[in-house]
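Participant: Top to bottom, those sequences are chains A and B. All residue numbers for the first sequence refer to the working numbering, where the first residue is 332 and numbers rise by one. All residue numbers for the second sequence refer to the working numbering, where the first residue is 65 and numbers rise by one.
Misleading hints may appear alongside valid ones.
[What the hints assert, rightly or not] Simulated restraints on C-beta separations:
1. A:GLY386 x B:VAL99: 43 to 51 angstroms
2. B:ASP223 x A:ILE509: 44 to 52 angstroms
3. B:ARG214 x A:PHE347: 18 to 26 angstroms
4. A:ALA575 x B:ILE284: 56 to 64 angstroms
5. A:LEU538 x B:VAL360: 56 to 64 angstroms
6. A:ALA575 x B:PRO369: 24 to 32 angstroms
7. A:TRP334 x B:VAL267: 41 to 49 angstroms
8. B:PHE371 x A:SER519: 31 to 39 angstroms
9. B:VAL94 x A:LEU538: 50 to 58 angstroms
10. B:VAL360 x A:ALA575: 25 to 33 angstroms
11. A:ALA337 x B:MET289: 37 to 45 angstroms
12. B:LEU407 x A:LEU538: 28 to 36 angstroms
[To be verified] Interface residues of chain A toward chain B, partial, derived using beta-carbon atoms under 7 angstroms:
13. ILE446
14. VAL457
15. LYS459
16. TYR630
I should point out that these hints are in silico values taken from the structure, not numbers from a laboratory. Glycine included, each C-beta is placed from N, C-alpha and C at the ideal position.
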Amino acid sequence: MEWLSASLEAILVSPFRDMFSMPDFLLQVVWEGFVSGILYALVALGFVLIFKASGVFNFAQGIMVVFAALVLVSIHNMGVPAWLALVITIGVMGLLAIGIERVVLRNLVNQHDAILLMATIGLTLVLKGAGQLFFGGEPKSMITEELGLPTGSSDWEVFDGIVIFQHIDVAAAGIAIIMVMALAIFFSKTRIGRALRAVADDHQAALSVGISLHQIWAIVWFASGIVALVTGIMWGARSDVSFALEIIALKALAVLILGGFTSVPGAIIGGLIVGIGEKLFEVYWGPLFGGGVEAWFAYVLALIFLLFRPQGMFGERIIERV
Amino acid sequence: MLYREAGQFKTSYAADQAMLPIRQDRIALVLLLVVAFLGVPVLGSDFFLSSIMIPFLVFALAAVGLNILTGYAGQLSLGTGAFMGVGAYSCYKLATYFPDTNIIVLVLASGVFSALIGVAFGLPSLRIKGLYLAITTLAAQFFLEWCFIRIEWLYNYNDSGAIEVPQRMLFNIAVTGPHATPTTRYLVILSIVAIMTLVAANVLRGRIGRSWMMIRDMDIAAELMGIRPLRSKLSAFAFSSYYCGVAGALMVFFWLGSAEVEAFDINHSFLILFMVIIGGMGSLTGCFMGAAFIWVLPVIIRAIPPFFGLDMLAATTEHISNIIIGSLIIFFLIVEPHGLARLWQIAKEKLRTWPFPYASS
Chain A
332 MEWLSASLEA
342 ILVSPFRDMF
352 SMPDFLLQVV
362 WEGFVSGILY
372 ALVALGFVLI
382 FKASGVFNFA
392 QGIMVVFAAL
402 VLVSIHNMGV
412 PAWLALVITI
422 GVMGLLAIGI
432 ERVVLRNLVN
442 QHDAILLMAT
452 IGLTLVLKGA
462 GQLFFGGEPK
472 SMITEELGLP
482 TGSSDWEVFD
492 GIVIFQHIDV
502 AAAGIAIIMV
512 MALAIFFSKT
522 RIGRALRAVA
532 DDHQAALSVG
542 ISLHQIWAIV
552 WFASGIVALV
562 TGIMWGARSD
572 VSFALEIIAL
582 KALAVLILGG
592 FTSVPGAIIG
602 GLIVGIGEKL
612 FEVYWGPLFG
622 GGVEAWFAYV
632 LALIFLLFRP
642 QGMFGERIIE
652 RV
Chain B
65 MLYREAGQFK
75 TSYAADQAML
85 PIRQDRIALV
95 LLLVVAFLGV
105 PVLGSDFFLS
115 SIMIPFLVFA
125 LAAVGLNILT
135 GYAGQLSLGT
145 GAFMGVGAYS
155 CYKLATYFPD
165 TNIIVLVLAS
175 GVFSALIGVA
185 FGLPSLRIKG
195 LYLAITTLAA
205 QFFLEWCFIR
215 IEWLYNYNDS
225 GAIEVPQRML
235 FNIAVTGPHA
245 TPTTRYLVIL
255 SIVAIMTLVA
265 ANVLRGRIGR
275 SWMMIRDMDI
285 AAELMGIRPL
295 RSKLSAFAFS
305 SYYCGVAGAL
315 MVFFWLGSAE
325 VEAFDINHSF
335 LILFMVIIGG
345 MGSLTGCFMG
355 AAFIWVLPVI
365 IRAIPPFFGL
375 DMLAATTEHI
385 SNIIIGSLII
395 FFLIVEPHGL
405 ARLWQIAKEK
415 LRTWPFPYAS
425 S
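Bound-form chain A, shown alone (with noise of 0.2 angstroms):
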């Protein structure tokens, strides 16, 4: 029985003592895991946008978050200044999405939901290969400073050591917080945003009061291309652009089960739930394991998650009938 009150120790005492004799470091782990928690919750947010309009479960956010970075960074490359960049960027982004509406989404009305995903996997493959042949694969570093961001630094002393915060990390957690404020004026104050909901709630019921599917279709793709281009610039900025971010970006599904697929605070919940959480485990429990176990925390608390409640934190219960 040694083993065992030795092995229950090491997983339930030691690492809780851990956190408590250095709280500075403890801070900073979460921090870190704040940040990573917003990004996700950033990709997860354009999911949701998404889902809720069209009932598209679009696996091509991931791959949308690299492709707007991508031809930002590539644009600015060829000389042209930031701020043209970003606007030529977000025209990039409309066309897209008026062109995936046209040639997709448009032949795949009332088709079955893996269908639409499987759909949105095949869009990703071509927003990669269009990525790579256009832009080249190799990493590129993101534009930071010409477009304003600011970089560095600074240290704040508290419990007898200090935390460090990295400038764009704290303007990432700014300007994510605005963009759901945005988000959430858009959607229940102005007339666009009211027929958005509309959508959400029933197809049908919205076409048969005028409202252009088609429409609205290309406009939630544009918004999630704009905030994938956010996405983008702040993952960017923290690491190189580069399609590894693709694999990361998967992580937000996770956090979608963790938030359910159609609410916006699930989304931003879940998100810093599992950036915190994998920081944490990985800092404190995963020497136990052998390291890395960031690559799997995610999905594993989802699954377990599932198991209990399947329809999520905030998802609507789900009700089944032949």
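Dock chain B against chain A, hints included.
Facilitator: Chain B alone, transformed into the frame defined by chain A:
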């Protein structure tokens, strides 16, 4: 025309319910097998065998596995690559512990481990459905990938982290390892794939297979009609993972020769999913068509630029083939959601009624 069943009368129920009720189909299958077993090894070059035919068969078997789960039982899975990895690693460990046992027995046994892991990760399917389930299979993918890296016991603690296939003999002929000729390896794979496909075809049209299809079409209705969801969903996971596991073991032992964890990453899961989609969900013929299509298309695309005297980088052709495959997936989902297999079936129907545009069959 040739494909006409006039005059073929069924005189017993057994004949009526045969796997291939039309005589021309049976002849075509026999011809296909003769070509595959005799024609291809005799006429094909080593390159053709080892970089086109062997991968094609391996992927076709994996696609059969995924199609059982996704196309027949309706449980979308994104963890095929990891289940192939379980098969490969367990075959490697078995080969280490039982060096004298027939390698084919070991390959077939390694699928059992994959099936067990598949059942474990299939348990959530009892409560979770549809897209949610697809995401939980990602848990299997990433967790197993992590295991392949971190559990050093799996690759015998060697420094490279890769599994190297040992030399094994069968009837005094080298079937695995560096001295095995492509022809031998091709014939071994072909035999296993042919037999396992035959088994799958019969399981699928039997009681178990039909219960999977009922679960796929509407699980609550199936449950009300006396199908046990626990039993059918888990058996679908077990069966599918067994096929994927054997495909993974074949991939490492008879094709790659050595493999690292990258051989089982999520991109391979997607690759096999694409084969199933393009080939046709719920069709065994479709698995082979999809595998051939997805595997051979990049080879053809690579061959086109030199044919026209153009010089193109390997990376560029890969990007172009990504774009083409992605567009084709969307195209197929729009035009024919049931894939190549459905087109093939339509063609056969047309032939049966030719020269009339339709017939009351």
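Participant: Now look at each hint and say whether the structure bears it out.
Facilitator: Now for the hints, and whether the structure bears them out:
In this structure the supplied range 43 to 51 angstroms holds for A:GLY386 paired with B:VAL99, their Cβ-Cβ distance being about 46 angstroms. Between B:ASP223 and A:ILE509 the Cβ separation comes to about 50 angstroms, which falls inside the hinted range of 44 to 52 angstroms. Against the hinted window of 18 to 26 angstroms, the Cβ-Cβ separation of B:ARG214 and A:PHE347 comes to about 24 angstroms, which satisfies the hint. Taking the beta carbon of each, A:ALA575 and B:ILE284 are about 41 angstroms apart, not inside 56 to 64 angstroms as hinted.
Roughly 44 angstroms separates the CB atoms of A:LEU538 and B:VAL360, a value that falls outside the hinted 56 to 64 angstroms. In this structure the supplied range 24 to 32 angstroms holds for A:ALA575 paired with B:PRO369, their Cβ-Cβ distance being about 28 angstroms. With their beta carbons about 44 angstroms apart, A:TRP334 and B:VAL267 fall inside the hinted range of 41 to 49 angstroms. Look at B:PHE371 against A:SER519: about 59 angstroms separates their beta carbons, and that is not inside 31 to 39 angstroms.
Look at B:VAL94 against A:LEU538: about 54 angstroms separates their beta carbons, and that is inside 50 to 58 angstroms. Distance hint check for B:VAL360 and A:ALA575: the Cβ-Cβ separation is about 29 angstroms, which falls inside the suggested range of 25 to 33 angstroms. Evaluation of the 37 to 45 angstroms hint for A:ALA337 and B:MET289 yields a failure: the beta carbon distance comes to about 52 angstroms. At roughly 33 angstroms, the beta-carbon separation of B:LEU407 and A:LEU538 lies within the given 28 to 36 angstroms, and the hint holds.
With its C-beta approaching chain B no nearer than about 6 angstroms, A:ILE446 sits inside the 7 angstroms limit, and its interface hint holds. Interface restraint check: A:VAL457 against chain B, minimum CB-CB distance 4 angstroms, threshold 7 angstroms, status holds. Interface restraint check for A:LYS459: the shortest CB-CB distance to chain B comes to about 6 angstroms, inside 7 angstroms, so the restraint holds. Against a cut-off of 7 angstroms between C-beta atoms, the interface hint on A:TYR630 holds, since the closest Cβ of chain B lies about 3 angstroms away.
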